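Chains as they are written, first to last, in the working numbering: chain A, 1 to 605; chain B, 1 to 585.
Hints listed in this document are in silico derivations from the structure and should not be mistaken for laboratory results.
Careful: at least some of the hints might be erroneous.
For lysine-lysine, the following DSSO-like pairs were computed, each having C-alpha atoms within a straight-line distance of at most 27 Å [to be verified]:
id : chain 1 : residue 1 : chain 2 : residue 2
1  : A       : K596      : B       : K241
2  : A       : K475      : A       : K91
3  : A       : K187      : A       : K37
4  : A       : K471      : B       : K451
5  : A       : K475      : A       : K507
6  : A       : K471      : A       : K423
7  : A       : K476      : B       : K451
8  : A       : K476      : B       : K563
9  : A       : K310      : A       : K138
10 : A       : K471      : A       : K507
11 : A       : K494      : A       : K471
12 : B       : K451      : A       : K475
13 : A       : K34       : B       : K451
14 : A       : K507      : B       : K563
15 : A       : K494      : B       : K425
16 : A       : K596      : B       : K425
Rough simulated footprint, nothing fancy, chain A against chain B, three-plus residues with beta-carbon under 8 Å [what the hints assert, rightly or not]:
id : segment
17 : 531–541
18 : 551–560
As the structure is a computational prediction, the values presented were derived from the model and not from experiment.
The beta carbon of each residue, even a glycine, is placed where N, CA and C say it ideally should be.
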Amino acid sequence: MFKNQRIRTGLLGLSALAALYFALLAFSPEAAVKVVKHSGYWFVLVAFVLLLINLGRCLTGKWSRWRQWGLPPMALFTVLIGSVVLLLAQKSGYKIVMDEPVLSATALQMHLHKEAMTATRGYDVGGSFSLLGGYVDKRPYFFPFLVSLLHDLTGYRPLQGAVLNALLTPLFLGLVFISGRMLSASKAGGYFAVGLFMTVPLLSMVVNSVGFDLLNLVMILAALLAAVAYLKKPEYERLNVLLLTAVLLAQTRYESVIYVFVVAVVVFVAWWRAREIMLSKTALIVPLLLICVPLQHALFNEYPQMWQLKDGVSVPFMLSFIPANLVHASNYFFSIDGELPNSLLLSLLFALSVLIAIPVLAVSKFGEDEVESSFFLFGAGMFAGFILLMAYHWGQIDDVAATRIVLPFLLLQVLFCVWTLGKLPSGRAVLRYAAWGSFLFFLSVARPRAAASSFLWWADLSIAVNWQQEKMAAKKHLSPFVATPQFILPVSEKIPAIALQETTERKKEIELHRQLGTFGEMLFFDYCLVDPDSAAELKLVSSVDPCFECELIDQLKLRDGYYMGLWRLIRVQLSDAETAEVNQWLEVAQANPDAKVQLYLETLP
Amino acid sequence: MSEVETYSQPEARVSFPRRLMLAGVLLLMTLFFWLQTPEESAVTYIRTFGYFFTTAAFLGFAASVVPLIADCRNRSISRREWLFAGCVVALGAWLTFVHADFDYKFVQREYRNAAVAESLHVERTVEVLNGGRAFGDRFIRIHREASDQAWMYPFLVSLSHDVFGYRELNLFIVNACLGIALLALGYAQGACFGGRSGGGLAVLLWVSLPLLSYSASGAGIDLSQVVLLQAVILLSFLHLKEPSAGGETRLCLSMVLLAYCQVEAVLFLIPVACVIVVGWLRVKRCFLSWGVVFSAPLLLGALWLLSVQPEQQWSLADFSENAAHALFFFFCPWNDMGNSLLIAVPALPALLGMVLLFRRQGILLRAKPDVLVALVFTAGIGFHLAVLLGHPGAQWDRPEVSGLSLPLYALMVLLTTGLACRFVKDSNHWFYIYVGVIVLILGFTLPVNIKGVYTEQSNQVREQRWIESVSAAELDPYSLIIDEFTLPWALRRWAAVTPDYAMTRLAEWRAEPPFKRYPDLYVVDRMLATSMKDSQMNFDSSVDLEGVALELVAERSFEPFTKTRISRIIWSQPDVNDGRGFEKN
Numbered sequence: 001m002f003k004n005q006r007i008r009t010g011l012l013g014l015s016a017l018a019a020l021y022f023a024l025l026a027f028s029p030e031a032a033v034k035v036v037k038h039s040g041y042w043f044v045l046v047a048f049v050l051l052l053i054n055l056g057r058c059l060t061g062k063w064s065r066w067r068q069w070g071l072p073p074m075a076l077f078t079v080l081i082g083s084v085v086l087l088l089a090q091k092s093g094y095k096i097v098m099d100e101p102v103l104s105a106t107a108l109q110m111h112l113h114k115e116a117m118t119a120t121r122g123y124d125v126g127g128s129f130s131l132l133g134g135y136v137d138k139r140p141y142f143f144p145f146l147v148s149l150l151h152d153l154t155g156y157r158p159l160q161g162a163v164l165n166a167l168l169t170p171l172f173l174g175l176v177f178i179s180g181r182m183l184s185a186s187k188a189g190g191y192f193a194v195g196l197f198m199t200v201p202l203l204s205m206v207v208n209s210v211g212f213d214l215l216n217l218v219m220i221l222a223a224l225l226a227a228v229a230y231l232k233k234p235e236y237e238r239l240n241v242l243l244l245t246a247v248l249l250a251q252t253r254y255e256s257v258i259y260v261f262v263v264a265v266v267v268f269v270a271w272w273r274a275r276e277i278m279l280s281k282t283a284l285i286v287p288l289l290l291i292c293v294p295l296q297h298a299l300f301n302e303y304p305q306m307w308q309l310k311d312g313v314s315v316p317f318m319l320s321f322i323p324a325n326l327v328h329a330s331n332y333f334f335s336i337d338g339e340l341p342n343s344l345l346l347s348l349l350f351a352l353s354v355l356i357a358i359p360v361l362a363v364s365k366f367g368e369d370e371v372e373s374s375f376f377l378f379g380a381g382m383f384a385g386f387i388l389l390m391a392y393h394w395g396q397i398d399d400v401a402a403t404r405i406v407l408p409f410l411l412l413q414v415l416f417c418v419w420t421l422g423k424l425p426s427g428r429a430v431l432r433y434a435a436w437g438s439f440l441f442f443l444s445v446a447r448p449r450a451a452a453s454s455f456l457w458w459a460d461l462s463i464a465v466n467w468q469q470e471k472m473a474a475k476k477h478l479s480p481f482v483a484t485p486q487f488i489l490p491v492s493e494k495i496p497a498i499a500l501q502e503t504t505e506r507k508k509e510i511e512l513h514r515q516l517g518t519f520g521e522m523l524f525f526d527y528c529l530v531d532p533d534s535a536a537e538l539k540l541v542s543s544v545d546p547c548f549e550c551e552l553i554d555q556l557k558l559r560d561g562y563y564m565g566l567w568r569l570i571r572v573q574l575s576d577a578e579t580a581e582v583n584q585w586l587e588v589a590q591a592n593p594d595a596k597v598q599l600y601l602e603t604l605p
Numbered sequence: 001m002s003e004v005e006t007y008s009q010p011e012a013r014v015s016f017p018r019r020l021m022l023a024g025v026l027l028l029m030t031l032f033f034w035l036q037t038p039e040e041s042a043v044t045y046i047r048t049f050g051y052f053f054t055t056a057a058f059l060g061f062a063a064s065v066v067p068l069i070a071d072c073r074n075r076s077i078s079r080r081e082w083l084f085a086g087c088v089v090a091l092g093a094w095l096t097f098v099h100a101d102f103d104y105k106f107v108q109r110e111y112r113n114a115a116v117a118e119s120l121h122v123e124r125t126v127e128v129l130n131g132g133r134a135f136g137d138r139f140i141r142i143h144r145e146a147s148d149q150a151w152m153y154p155f156l157v158s159l160s161h162d163v164f165g166y167r168e169l170n171l172f173i174v175n176a177c178l179g180i181a182l183l184a185l186g187y188a189q190g191a192c193f194g195g196r197s198g199g200g201l202a203v204l205l206w207v208s209l210p211l212l213s214y215s216a217s218g219a220g221i222d223l224s225q226v227v228l229l230q231a232v233i234l235l236s237f238l239h240l241k242e243p244s245a246g247g248e249t250r251l252c253l254s255m256v257l258l259a260y261c262q263v264e265a266v267l268f269l270i271p272v273a274c275v276i277v278v279g280w281l282r283v284k285r286c287f288l289s290w291g292v293v294f295s296a297p298l299l300l301g302a303l304w305l306l307s308v309q310p311e312q313q314w315s316l317a318d319f320s321e322n323a324a325h326a327l328f329f330f331f332c333p334w335n336d337m338g339n340s341l342l343i344a345v346p347a348l349p350a351l352l353g354m355v356l357l358f359r360r361q362g363i364l365l366r367a368k369p370d371v372l373v374a375l376v377f378t379a380g381i382g383f384h385l386a387v388l389l390g391h392p393g394a395q396w397d398r399p400e401v402s403g404l405s406l407p408l409y410a411l412m413v414l415l416t417t418g419l420a421c422r423f424v425k426d427s428n429h430w431f432y433i434y435v436g437v438i439v440l441i442l443g444f445t446l447p448v449n450i451k452g453v454y455t456e457q458s459n460q461v462r463e464q465r466w467i468e469s470v471s472a473a474e475l476d477p478y479s480l481i482i483d484e485f486t487l488p489w490a491l492r493r494w495a496a497v498t499p500d501y502a503m504t505r506l507a508e509w510r511a512e513p514p515f516k517r518y519p520d521l522y523v524v525d526r527m528l529a530t531s532m533k534d535s536q537m538n539f540d541s542s543v544d545l546e547g548v549a550l551e552l553v554a555e556r557s558f559e560p561f562t563k564t565r566i567s568r569i570i571w572s573q574p575d576v577n578d579g580r581g582f583e584k585n
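Only chain A is shown next, with the shape it has when bound in the complex (with noise of 0.2 Å):
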């Protein structure tokens, strides 16, 4: 069916036009937050099952046609090493709050329910956890989806994500590794481009972390790759893994949408050289496989607080932030004092890579070399986006909440390197020389320093949520109930919650049920002062409605005079018109039992 190309192309122009018109005009803002909400899933297990099929199509049956890409025993043990090292550098956790509790509480709702929703509120009803509320999150959803995967193929954890993390890490390495040998045809080069990551700090805290940007490296490196085998070898399956991977890849961080033009353009690249437009089946149904991507980029328009502006700025996107950012960025590439994830020796060998790489660009042929072609057009896009970092309102990559948007531009640092270093004279001896030299550099600098500190050391809030986590997890078993400000952290971890800013308004329901006992202990969170009058022993000052009377069982101290408190509900004072309230609950559930859960369910603090 349709085997005709000109039909195809026709076909695709209609399939792109009415993308279009379902991305853009079809819904209203609202409406299109709903659209998202309850397709936003599927869209993705659409593609990444396809993605799985054609993958399986071009690997089955020919393995000599791929031994070239595999790796060899000694470069898999490197791998292999390289990822237990880095995964053991720091503990796993939560490190950019609240990107990657807000990424887990996703995840939970596609597990459950299969929504592309953030849940907020959940309640073990019945011995079930059961989620009832939540928003559709600004945040891509490639990787909550993967972590529902594990959650449905292996059982829920909280911090799935970082179990997803550390499978991806060995795969990571494995893609730098044969991307590296592929650019300077050299296994030596394939060694230096891993020594080389590996030198970055920030990938040691990126691999121990729950969010999606080590997904977003690997999604790069298979779209590069995807790329070069189309262009050497141009075939149905393999333009499907190209599109395929290109429609996750933009699913899976805000910039990496620029990834699906580069694709276009490699696509583009492959017809020019053959003469001739070749389309599958699948290639006419990835524009609406996007369909997604800007429906969700239109909360942004609905919410313009998504965008987190600071005071004073009233766009996100401006070419005056270009040069402050700029002197972040070398603040950040360039630093010696060893507070920020950054590698000098990647930035100085970058920097003398361009030097380097002047004259040779100019006696250079392109076009002809597809792992050359492929990799300057992803480069391109990568540089891209690494100039839109810096005309980003929050592109200060020094500031460590911002540090790991600039990995992709690190990616460009380090396979721009070895592709310059493997063309000088030698090549091939200078890249073993240079790869021995990066592993001394990462046991000798980098892994000391990502063991010495976790980079978060000024972040209150990474710090406090990540006790927080620990101490829900540790008071689990007593089926808590938790008042916090994170309160979405609380759902990932399956535990009822509610913001410590709502429990005056909710304080009936909360004293209705401390009374009936549906929940096995209630506690609150609150970041607080010490007490100016506290003499003998230390006393916090607490946010939370008097009428709410506490005992506090636990402190984090997170800077001189500034703590985290954890404080355990031992009553509400109710009004008398608050009573009178609960009692009236009360009267409805004995006159009328069948009513009994749904008011029960309404009551639920």
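Assemble chain B onto chain A, guided by the hints.
Frame of chain A; chain B shown alone:
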């Protein structure tokens, strides 16, 4: 035909007329004992002899299956095939159990199964122990009650108790093993129809059914029935393919075991009888194997079980009402039941396809075994369904009854697999079918498995588990418990009585607290919240022990607006001469 030659040899030792005469006599005796036994005697006979009927049938079946296994090994099925089958079944089991919560699903019924299994293990009697008293390491069985439920599953659990020792976990291990056995039998059935592709499809279809995950992780009897039904269907297929005396024996004995799985399972005798007769007609020979000869007496326990069932009239009104519930259950598109649209939707066209195939193949005797088995069991299971649905309360969209739908699911899987194996020949098409089924399992089955649809019932399970943990940590194991639900206490060898019984003894206890027998008395009270006054909530107690002072031990809420409280009874005038005071201090 080697099987026929091999296993028909022993039959030749006793001539056919003698076997026929013996079968007739045994059948008449069985009918006599069944019809002439009064209900009260039937209860006693089931209690006393029930275990031995199932043991005899089980041993006979096990002995008859050994040659089949040996034959499988001789058939040179490659190691690769075994490995593939093992991997598919393991994958199916993984997907079935990955989110399973191994615990009771329906407290009342499943605790009774546990109690019957315990009685079979300890006393070899089919009964439920409701209460007793502990003397040192002995537990005296006092309150016993006859069981009117089929006891195949408790029998299997009692076997596991016999082998591994008495543990509550055995209840769940046995059902989990039965779940895996169902997948393996499903694979075997599918593989008989269409090789690897058919086997894989059958397993995936079963995996798509959340009800399987619930049943295989609980302590209900439904799964044992469907496993044995699947075995009967498979053995029927093998028998029709190569009729033999050995196959006939296996089929009959598996049918006998099936009859002990559920009260209504005796109805499956009809399709099995059809298969045996068709087998005779196909080879133009009446085997009348030992299995057939001894089936009737071995079924006597199941027939007595029919006699002791409470009278329930079959009615067309109930049937039509329940049929609507059943249709709703099978085709419910929302994820709040344990059904599988993936099995139900293709089943109807598959049935039509089978009928058309049968018509094309001509008369009964020339039809292919797969088509014949599918149609015979469609009729048999259809009849079983009609009987079940004609009784009040058989509303399958109620979670506690939905397990009865499993035989129909077995039929649907059989029909869909059978038809797919006949018509799908292209490996690409199989590939697409597999991808579709796996996506639907990920998208629909696993979320339902995770959610668990028996939420209301699981409140009671959670409450029981909490009571167990509190009692283990806070209560003296030789104490007397006053609880509405005494069975779980008896299973754990605790003395327990109901509040009604306690009321009858209260005056006596108040006059003289029973310290000589029990160090303490505890009350489990389920209290309903009524009002709040002076910041204090008031509750209505469900246990009215007038004039008794209580000391709170622990309390939690499991049902909406209800609190479960465990309290210790404090006697107003403790006996100072009693040693208890000294012991406590």
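To see whether the hints hold, each was checked on the structure:
1. Pair hint K596 (chain A) plus K241 (chain B) does not hold up; C-alpha atoms about 58 Å apart against a cutoff of 27 Å.
2. Restraint check for K475 (chain A) and K91 (chain A): the C-alpha separation of about 21 Å stays at or below 27 Å, so the hint holds.
3. The suggested pairing of K187 (chain A) with K37 (chain A) is violated, with an alpha-carbon distance near 46 Å, which exceeds 27 Å.
4. Of the supplied pair hints, the one linking K471 (chain A) and K451 (chain B) holds, its CA atoms being roughly 26 Å apart against a limit of 27 Å.
5. Of the supplied pair hints, the one linking K475 (chain A) and K507 (chain A) holds, its CA atoms being roughly 22 Å apart against a limit of 27 Å.
6. Distance check on the hinted pair: K471 (chain A) and K423 (chain A) sit about 54 Å apart at the alpha-carbon level, beyond 27 Å; violated.
7. Restraint check: the Cα-Cα separation between K476 (chain A) and K451 (chain B) comes to about 19 Å, which is no more than 27 Å; the hinted pair holds.
8. For the proposed pair K476 (chain A) and K563 (chain B), the alpha carbon gap of about 21 Å is at most 27 Å, so the pair holds.
9. About 18 Å separates the Cα atoms of K310 (chain A) and K138 (chain A), which keeps this hinted pair within 27 Å; it holds.
10. Note on K471 (chain A) and K507 (chain A): the hinted pairing holds, with a Cα-Cα distance of about 23 Å set against a maximum of 27 Å.
11. A C-alpha spacing of about 13 Å is found between K494 (chain A) and K471 (chain A), which places the hinted pair at or below 27 Å, so the restraint holds.
12. This hinted pair checks out: K451 (chain B) and K475 (chain A) have alpha carbons roughly 23 Å apart, not beyond 27 Å.
13. The suggested pairing of K34 (chain A) with K451 (chain B) holds, with an alpha-carbon distance near 23 Å, which does not exceed 27 Å.
14. The straight-line distance between the Cα atoms of K507 (chain A) and K563 (chain B) is roughly 20 Å, inside the 27 Å bound, and the hint therefore holds.
15. Of the supplied pair hints, the one linking K494 (chain A) and K425 (chain B) is violated, its CA atoms being roughly 47 Å apart against a limit of 27 Å.
16. In summary, the hint linking K596 (chain A) to K425 (chain B) is not supported, as the alpha carbons are separated by about 55 Å, beyond the 27 Å threshold.
17. Counting residues of the segment 531–541 of chain B whose beta-carbon sits less than 8 Å from any beta-carbon of chain A gives 6, enough to reach three: the coverage restraint holds.
18. Using a Cβ-Cβ cut-off of 8 Å, 4 residues of the segment 551–560 of chain B lie near chain A, which meets the minimum of three, so the contact claim holds.
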